[in-house]
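We have chain A; now place chain B with the ligands onto it with these hints.
Residue numbers (my numbering), protein chains in the order written: chain A, 16 to 110; chain B, 378 to 696.
Keep in mind that a hint or two might mislead.
Claimed, not checked - Residues of chain B placed beyond 10 angstroms of chain A at every Cβ, according to the derived structure:
(1) Glu386
(2) Ala410
(3) Gly460
(4) Leu470
(5) Thr498
(6) Arg530
(7) His582
(8) Asp583
(9) Ser589
(10) Asp603
(11) His665
(12) Glu672
To be verified - Here are a few chain B residues that sit away from chain A, every Cβ distance over 12 angstroms (derived from the structure):
(13) Ser483
(14) Lys487
(15) Glu642
Unchecked claim - Simulated DEER-style distance windows between Cβ atoms:
(16) B:Thr498 x A:Asp108: 24 to 32 angstroms
(17) B:Lys446 x A:Asp108: 23 to 31 angstroms
(18) B:Glu685 x A:Glu63: 41 to 49 angstroms
(19) A:Glu63 x B:Gly641: 51 to 59 angstroms
(20) B:Glu674 x A:Ala48: 37 to 45 angstroms
Calculated from the structure, these hints are not laboratory results. We put the beta carbon where it would ideally sit given N, CA and C, even for glycine.
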Amino acid sequence: MTRETLELFEVFVRPRRGLDHKHVGSLHAQDHAQALEYARDCYTRRGEGVSIWVVRSTDICASQEEDVESFIDPSEDKPYRLATYYRLPDPVDNM
Amino acid sequence: MGGNSDQAELERQFQQRIDDDIKIEPKDWMPDAYRENLIRQISQHAHSEVIGMQPEGNYITRAPSLRRKLILLSKVQDEAGHGLYLYSASETLGISRLELIEALQSGAAKYASIFNYPTQTWGDVGAIGWLVDGAAICNQVSLQRTSYGPYARGMIRICKEESFHQRQGYEIMLALARGSDEQRQMAQDSLNRFYWPALMMFGPHDGESAHSAQSMRWKIKRETNDALRQKFIDQTVPQIEFLGLDHPDRDISWNESRGHYDHGEIDWHEFYSVINGNGHCNRQRLQHHIRAHQEGEWVRDALAAYQEKQRQRDCQDPD
Ligand SMILES: [Fe+2]
Ligand SMILES: [Fe+2]
Numbered sequence: 016m017t018r019e020t021l022e023l024f025e026v027f028v029r030p031r032r033g034l035d036h037k038h039v040g041s042l043h044a045q046d047h048a049q050a051l052e053y054a055r056d057c058y059t060r061r062g063e064g065v066s067i068w069v070v071r072s073t074d075i076c077a078s079q080e081e082d083v084e085s086f087i088d089p090s091e092d093k094p095y096r097l098a099t100y101y102r103l104p105d106p107v108d109n110m
Numbered sequence: 378m379g380g381n382s383d384q385a386e387l388e389r390q391f392q393q394r395i396d397d398d399i400k401i402e403p404k405d406w407m408p409d410a411y412r413e414n415l416i417r418q419i420s421q422h423a424h425s426e427v428i429g430m431q432p433e434g435n436y437i438t439r440a441p442s443l444r445r446k447l448i449l450l451s452k453v454q455d456e457a458g459h460g461l462y463l464y465s466a467s468e469t470l471g472i473s474r475l476e477l478i479e480a481l482q483s484g485a486a487k488y489a490s491i492f493n494y495p496t497q498t499w500g501d502v503g504a505i506g507w508l509v510d511g512a513a514i515c516n517q518v519s520l521q522r523t524s525y526g527p528y529a530r531g532m533i534r535i536c537k538e539e540s541f542h543q544r545q546g547y548e549i550m551l552a553l554a555r556g557s558d559e560q561r562q563m564a565q566d567s568l569n570r571f572y573w574p575a576l577m578m579f580g581p582h583d584g585e586s587a588h589s590a591q592s593m594r595w596k597i598k599r600e601t602n603d604a605l606r607q608k609f610i611d612q613t614v615p616q617i618e619f620l621g622l623d624h625p626d627r628d629i630s631w632n633e634s635r636g637h638y639d640h641g642e643i644d645w646h647e648f649y650s651v652i653n654g655n656g657h658c659n660r661q662r663l664q665h666h667i668r669a670h671q672e673g674e675w676v677r678d679a680l681a682a683y684q685e686k687q688r689q690r691d692c693q694d695p696d
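One chain only, chain A, in its complex shape (with noise of 0.2 angstroms):
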């Protein structure tokens, strides 16, 4: 019996053009272009985007959310990083 040796790709997706690519999801496939070919099948038969890009699941690097406390550490502490911190009169208020 053969086992499955295809490997996990994540796929990202341009909706439209001048847009970010998204990820959409995951597919197994035994290369690059063959992932691509996938992809299309699998994430675009509706006209969901113009452009695909396909990435070794095994060469994205992840933080976990548990982390996000000490990891990423949200900055709610530093509220003047935000617009809104900074209270102007009306006449002035619409910079």
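Here is chain B with the ligands on its own, set in the frame of chain A:
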């Protein structure tokens, strides 16, 4: 012959895309001149973000309160990020970061000449946030619609982050303008020194601008230098009035029929003299950049050594 007409056809299709407001993406065919023009403009923009950290960085250790220090620190940090977004956008056009940095350090590439003016007082930090970031925002808002996808997306990201930069600057000006006589004088003096250089940030008049017409045709630029400058002049008048400061331009007056403010002429002699290296801080800005880059050498060396060690380890026990 065939080659030439193929080329002409590609160029026609390219221009058609631009005319139809379809974005150009990195792997699309594009005329060499479009690519070069973009590399020049985006990298100049990136260099400006990076060099622009110096005049404000000068005040981080001298901000008048811990609150102001934190704000200034995060603003300068944002500018470093903007430099990164823009260098990355240039790199999608096939130029390397190394080449870009070399062009900056050798003086072959330019950056916004506003950053060759010194920051002499705390008021200058206020004036920079309000006027310099304000002028940059006018330009960047317009560039969110530029024809090259990665540049346009970078601009959208940058504009989101910029939103607090101008407001914190104006808040500094407001505090000074409502303070003691001395503080009010400081605000007026900073306004006087930064107003005209901020107008120069939009570049020469449309008629004199070397790349303007082609950049408009390719929609690299979406609005002309003069149109953007007028927008900035118009929005700044009520802001100066609200501070109760004197307008540095004695000729400023509302023109009912144009629906815009008329204004005095910019000192173009000063503009070109600063661009050509004779501003107060041109040499200092580049020397500082080169020194900081050299002082980072050991970090790059350490990274390379670590990578090499990892590689050897992987060779020894592959699994
Ligand atoms: Fe910026
Ligand atoms: Fe900024």
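Practice task
Run the C-beta distances from Glu386 (chain B) to all of chain A and say if the shortest one exceeds 10 angstroms.
Solution key: 21 angstroms, holds
Practice task
Beyond 10 angstroms from every chain A Cβ: check whether that's true for Ala410 (chain B).
Solution key: At roughly 22 angstroms from the nearest Cβ of chain A, Ala410 (chain B) sits farther out than 10 angstroms, so the non-interface label holds.
Problem - Least C-beta distance from Arg530 (chain B) to chain A larger than 10 angstroms - result: Not fine: 6 angstroms to the nearest Cβ puts Arg530 (chain B) too close to chain A.
Handout entry: Reported absence of Leu470 (chain B) from the contact zone with chain A (all CB gaps over 10 angstroms)
Key = 17 angstroms, holds
Exercise for the section: Grab the minimum beta-carbon distance between Ser589 (chain B) and chain A and tell me whether it stays above 10 angstroms. Expected result: 23 angstroms, holds
Exercise for the section: Evaluate the given range 24 to 32 angstroms for the C-beta pair formed by Thr498 (chain B) and Asp108 (chain A). Expected result: 26 angstroms, holds
Practice task
Confirm or reject the statement that His582 (chain B) sits farther than 10 angstroms, beta carbon to beta carbon, from all of chain A.
Solution key: 26 angstroms, holds
Handout entry: Distance rule for Glu642 (chain B), whose beta carbon must clear each one in chain A by more than 12 angstroms
Key = 26 angstroms, holds
Practice task
May I ask you to check that Glu672 (chain B) keeps its beta-carbon over 10 angstroms from the closest beta-carbon of chain A?
Solution key: 27 angstroms, holds
Problem - Closest CB of chain A to the CB of Lys487 (chain B) still more than 12 angstroms away - result: 28 angstroms, holds
Practice task
Given the range 37 to 45 angstroms, decide if the beta-carbon distance of Glu674 (chain B) to Ala48 (chain A) lies inside it.
Solution key: Taking Cβ atoms as reference, Glu674 (chain B) and Ala48 (chain A) lie about 41 angstroms apart, which means the hint holds.
Exercise for the section: May I ask you to test the hint 23 to 31 angstroms on the CB atoms belonging to Lys446 (chain B) and Asp108 (chain A)? Expected result: 25 angstroms, holds
Of the numbered hints given earlier, the model fails hint 6 alone.
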